[in-house]
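These protein sequences, in sequence, are chains A, B, C, D and E.
Under numbering that gives the first Met the number 0, residues 0 to 490 are what the first sequence spells out, in order.
Under numbering that gives the first Met the number 0, residues 0 to 313 are what the second sequence spells out, in order.
Under numbering that gives the first Met the number 0, residues 0 to 107 are what the third sequence spells out, in order.
Under numbering that gives the first Met the number 0, residues 0 to 484 are what the fourth sequence spells out, in order.
Under numbering that gives the first Met the number 0, residues 0 to 96 are what the fifth sequence spells out, in order.
If you're looking for bench data, these hints aren't it; they were derived computationally from the structure.
Using N, Cα and C, we set each Cβ at its ideal position, and we do this for glycine too.
Please note that the accuracy of each hint is not assured.
[To be verified] Partner residues aside, some chain D positions facing chain C, computed with beta carbon under 8 Å:
no., residue
1, Leu138
2, Ala145
3, Phe156
4, Met157
5, Ile158
6, Leu160
[Said to hold, decoys possible] Derived CB-CB ranges, DEER-like:
no., chain 1, residue 1, chain 2, residue 2, range
7, E, Lys40, B, Ala3, 40 to 46 Å
8, D, Pro33, B, Ala264, 47 to 53 Å
9, B, Ala264, D, Leu58, 47 to 53 Å
10, B, Ala264, D, Asp57, 42 to 48 Å
11, B, Ala264, D, Gly23, 46 to 52 Å
12, A, Val468, D, Val401, 36 to 42 Å
13, C, Asp57, E, Val69, 45 to 51 Å
[As the list claims (entries may be wrong)] Chain C stretches covered by chain B per the calculated footprint, using a threshold of three residues with CB under 8 Å from any CB of chain B:
no., region
14, 25-32
15, 42-52
16, 59-72
17, 84-93
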Amino acid sequence: MMAGAPLFLILLPLIPAIISFSLPERLAVWRNAVNLLFALVKVGIVADLLRQVRGGVDLEWRYTFLPGHDFLLRVDTLALLFVSLSVFLWLITTVYAIAYFGRGPNLSRFFGFFNLCVLSATGVALSGTAITFFLFYELLTLATWPLVVHNGDEKSLRAGRIYLAYTLAGSAAFLVGILWLKTLVGSVEFTAPPDLSAVPPLTLTLIFVLCVGGLGVKAALVPLHAWLPAAMAAPAPVSALLHAVAVVKAGAFGIVRMIYDVYGIGTVAELGLGTPLAALASVTILYGSLRAVMQADIKKRLAYSTVSQVSYILLGASLIGPFAVIGGLVHLVHQGIMKITLFMCAGALSNRLGIKAVADLDGAGRLMPVTMGAFTIGALGMIGVPPVAGFISKWYLGIGGLQSGAPWVVAVMAGSSLLNAAYFLPMLYRAWLLPPPERAGFRELGTSRDRMLILPAVVTAAAALAAGVFASSAVSPLTWAKLIAERGYLE
Amino acid sequence: MTAAFELILCLMILGTACVALLVRDFLAAIAFFVVFGNLMGLAWLALGAVNVALAEIAIGAGVTGVLLILTRGRLLALGEQIDGNPLGHWLNLGAAVVCSAFAVVLGAAVLSIAPDDGLAPVIDRLMPRIGVENPVTGVLLAFRAYDTLLESFVLLGALVAVWSLAPADAWPRAPAALRMTDPAALNVAESFGRLVLPIALVVAAYLVWVGSDRPGGAFQGGTVLAGGFLLAAMGGAMGLPRSDDPAFRWTLVAGPLVFLAIGLAGMALGRFLAYPEGMAKALIVTIEYFLAFSIGVTLALLVAGPPVRAETVP
Amino acid sequence: MSLPAALGHLFPLTGAALVGLGLFGFIILRHPLRQLLAVNVIAAGIFLILGGLGRGEDVTDPYPQALVITGIVVSVALTALGAAMITRLAEDRCAPAPTPEPPGDRDA
Amino acid sequence: MSPLDLLVAAPLAFMVAALVLGQGGRWLILAAGPVMLGLSAWLLALPPDAAHLVGNWDLPLGILLRADGVARLLVPATCVCFVAVALYAWPEFSPKAGRETARAHTFWPMLYLMWGGSNAGYLTTDLFNLYVTIEMVSLAAVALAAMGSLAAGLQYFMIALVGSLAYLLGVALLAGHYDTVDATLLAVRARPDLPTVLALAVMTAGLLVKAALFPLHGWLPPAHAAAPAPASALLSAIVVKLGFVIILRLWFEAFAEVVRPAAIHLLGGMGALAVIYGSIQAIRQERLKPLVAYSTVAQLGYLFLAFPLIWNARIPGEPWAAVLVHAVAHMLAKAAMFLAAGLMLKAVAGDRISDLGGLARAMPLSVTAFALAAISLMGLPPSGGFTAKFLLLHAAIEQGQVIYAGVLVIGGLLGAAYLFRPLSVAFGASAAPVVRAEGALRVAAPLTLAALAIALGFAGMTLIELSSIGAPPAIALPLAEEPGP
Amino acid sequence: MTWVSVATGLLLFAGVFFYAAGTVGLLRFPDPAARLHALTKADHLGLAFIALAAALEWGSVAIAAKIAAVWLLAIMAAGTSAQLMARVTRQDHSDEP
């Protein structure tokens, strides 16, 4: 494959985006076909890239867009981890969105922006410099905003406002941080970590705070997380996207890049920035879980659960030790697969049965057993029950904590797992063990099921299970995370 | 003697300007403004700038004066209050202080600049190349013909801008008639207008013709023409044209168009607005005649104002 | 024409004073037509500075003279536009147009 | 033959033609568009040192025209704007029921006068010639503004008149002092004495009024908000830029040796205040067009905020390019925004932002044009606006100018705050209002302009190279190493 | 001192005298018609003397012809405007009750 491959990969969704924008609503079939086709093509390309990069191929595309500022795309192992996750889940979400919306209004627009999101997320993953990263990161905000306000009601418009206020302010802080760093050291390329020795530690710390603070908005670090629960006003496929794939992951991914590829673990350790960040991540983990317990709305509960779970990645990254790194990176994938399962199930429940609140879940398992089955796998994974994928992440994180001399991490893990259980188990209990309410026609709603709405959740649930069961196989996320750690950070 | 005269002249200029600005009755203000303009003309004469003196008296005092009087009349007919003594408010004291301070600084800056004849030697050296004798005409129509070209379009544009103010249902009628309403007065004015228009034409043609060698030129000639047109219109000896009259539109654009065309022709031979050797004077005079005619019509129409709905507006 | 040195600046200084005077008038006068008159006084002052500074021992520099003539013509053109606007505004104020042309945004 | 003359002569010829043709004048754009775009392309293709004297009359007497980077960036952008606005304005300024109207007739000559005037302004180095071009542009601008509101037009007229005279006063002092008003000669001759400083001060003040820099902006919002959409587009995109460009040339070329840091920071500070004040005012607006108009006040602030950043820069070429790119991007984006706003407001009943509900569905192309323009104005990537603000922010951080950097960042966020408001409403209300068809041809104008504003974001290097052509010596040029002849 | 300069001086003196007389009349006479009467008559004569003086001073026939033309135009214009003013003032007075 040529050096332009990363660019091609990023720009590919532009074609379905333009087609979607220009097709009138009545040609929905064509639009859906085009979207599925391109999602599949992208999966194929990424699969091929995975093979090549594992074989040691290094792909790079560089273009000087302003003096001294290169637009650099690079396919490395970490990038591919994020790219594979997003293209896989993208395919799934496309299928799900098609089934979820049916023939609703404004779908041409929806799928258009949907594809722009893929474009930006892939760009975020493949960025080779912090400034390129910023470009796609900002583009991601712009592309997701129309999705957040998709419903057009007062609630979603408000969510859109909050979303913009947080994310734009965050990226502005990030931009100031990286530009500051760039003026000091001349380069913010990920491949060649700059020499920071000449910069005063205080300045470095300040820049780190700006950057991580800016990225932490999208990663929903407490106290910058408020936009995420508000964004629940968006339709379920969008929530799935925000929570599992694009937005929060972009933030977390960016922080990982900052720690490992811009500052380098040595500098982060020297400056003593790892521990505060780990502490902040831990606070977020516990706070998110606590808030989740208090939510009566299913999607809100899942949203706070995301706040909590994404910080596992940051916890892993900030602990600076081989096991912790692997745990954090692998959770990037695991959390995505599990959380998207949960959101797709929640969407199906509300779509079919009108269930929105936890209290309405009574007997849902009997009405929609497959959906609830997938939900259950996702929930158990979140709690960390073996052999679902979440267990692997938590295991590695716990070990990593001990290894890095931070045994309190284990306590955080345990506490968080308990809280996870506290908010997921009652849901499972109601769904499986309580009888459904005797409302006229309620049962029939559940039986008139659309396979395409449920299939994606089943697939991701299966993937979550497989990622746990076959964690040691050659194609598992864990193996890839180990490869990243070996190649990049553990020499 | 000369110095005393100039000193008195300057004091009178300042005095008339003061009155024109501050007097209560606006008609008196206009009268003093016209006197001010004429004194300015004398100042230009004292400076030896006869070309400017002509332009100042014709345009600055003449056309502007007519314009102000006409506008005042129209506004009074509409019930506007223009008179009034602006002085007496305490804020004005602040304005006075600020403006005096500014004038003092400006005066100091002016004092630190030595008056000299600047580019006169340069211009003298270049004059033989264009064949005309009046250096001001040389600057206007050759050395800085580009300025003058653009300026002729400013004048044209001003008229179009005035037209754009026409009420929707007035287009494409003529501007409000300038004819006097009192029949007896009209009688007097008409005979004067009939007499003056041909004289104005002759004088304008003369001014343009001598302008290449002695003081005069397109702007001065055009203004005299405009004055003739206005007087004729006031006397009813001449109607004002409708704005969609094609012949009239051509008279408006003729001057700028010929200027532009000659400029572009020069480009074909070498450079935009460059005159071929030996033809400079002929081309300059050609441009000036067309320009003077268009300026005359344009200025007269500028004074007349935008098209109006009916004939009854004062 | 030889002048006492102190009087060499007479006309430009008068111009400067006229600028100040006109500015004062512009600030304190309320009616736009009177402001327009004040603007003409300022312009006359500027022209006097421009021309007066070109006064040499024997001749006055034709270069500023030409600039002044250009300036005078531009100034009368603008004064005419201003006067027309003031008149039209007064007309609209005392008798709104019977069939006003609809604002540009609405027609088509 | 040279585009330097033709870029001025051609619009003037079209003005004459439009005036004579009357109601047929609107057809001229079909000829003027290709001609002017062709001339712009020719301008871009000229050798870097392209300049000539009008009529071959030498300085200090004659007038020099030249194709420097400023002209090469702004003239083509101006031409694109004019063509788009003219095509958009076509149905609006056409005869009504077969009858010629004052507006339908006078709009077209005014458009060409403004076109010729602004091109002339960008190409000349002569300060008095600039005075005439300023008047050409102002005259047309006043007429266009008065088409919306006579009162606002008159206010604008008075302000513009005093501004012009202030400028002329400066020119008079310089002409008396240096016997030339050519910027390139003044760059060599100017000394920091009282007349020069005073001249620079009054000229700048006069031009600032025309460029509507806070706190001299008062006339702008009413005039720009009330005018018909095409007129607003021209006023906000084209007219205010000329004043800015002249100030830029005065400060960094003609009087680079006279200017002192305190003055530069005064200008920069006013720019910073303009950004904040204009944005806050825009946020407070309830109606769409005043919002866009106040956005102009804010965006113009950036142009002046850049002055101290250019002044202090290690590589002045970068902020210099940034400010020019910002001018071009704002030109395209703001014209697009006013045109799109015109279409949107025509479709709905009122003129308030809250009336726009559901328009994203009813007229997606117009809203897209508005949104793309908004992206550039907010300075979000990828867009010309982003390129400009990115370079400025980089310069500000590099120089440790915390306040300017902060204003750049906060200005961008405030920009998002006011520009996403109408967009948000347009995306809201799932029930789309019934509107007439958008008229694909008319939508094409704002859409093209907005797309160009976005496309500028991909041409950063080209723009920087262009901007460095013939840049004044004060703007050192380490980044544009011309390949040897 | 030639006879020309003597004549010029005398003519100028006469011109100024008539102007002064006209102005005194303008200021002192009671009603508009009388004022106009004083102004026009006296000023025409004053202008004539001064024009003559100028022509004499120049000593050129062509210039003298031009000056004569100017004088003619001036008195025509002044006469017309005086007429108009007289009519306007009469009208104003006839409006009074």
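Quick rundown of the hints versus the structure:
1. Leu138: Holds - the Cβ of Leu138/D comes within 8 Å of chain C, reaching about 7 Å at its closest.
2. Ala145: 6 Å, holds
3. Phe156: Check passed: Cβ of Phe156/D comes within 6 Å of chain C, closer than 8 Å.
4. Met157: Where the cut-off is 8 Å and the nearest Cβ of chain C is about 6 Å from Met157/D, the hint holds.
5. Ile158: 11 Å, violated
6. Leu160: It holds, given that the least Cβ distance between Leu160/D and chain C is near 6 Å, below 8 Å.
7. Lys40/E / Ala3/B: 40 to 46 Å: Check failed, 32 Å falls outside 40 to 46 Å.
8. Pro33/D / Ala264/B: 47 to 53 Å: 23 Å, violated
9. Ala264/B / Leu58/D: 47 to 53 Å: Given about 24 Å between the Cβ atoms, the range is violated.
10. Ala264/B / Asp57/D: 42 to 48 Å: 22 Å, violated
11. Ala264/B / Gly23/D: 46 to 52 Å: 26 Å, violated
12. Val468/A / Val401/D: 36 to 42 Å: 55 Å, violated
13. Asp57/C / Val69/E: 45 to 51 Å: At roughly 28 Å between Cβ atoms, Val69/E and Asp57/C fall outside 45 to 51 Å, so the hint is violated.
14. 25-32: Satisfied; 6 residues make the cut.
15. 42-52: Since 7 is at least three, the answer is holds.
16. 59-72: holds (count 13)
17. 84-93: holds (count 8)
When held up to the earlier numbered hints, the structure conflicts with 5, 7, 8, 9, 10, 11, 12 and 13 and fits the remainder.
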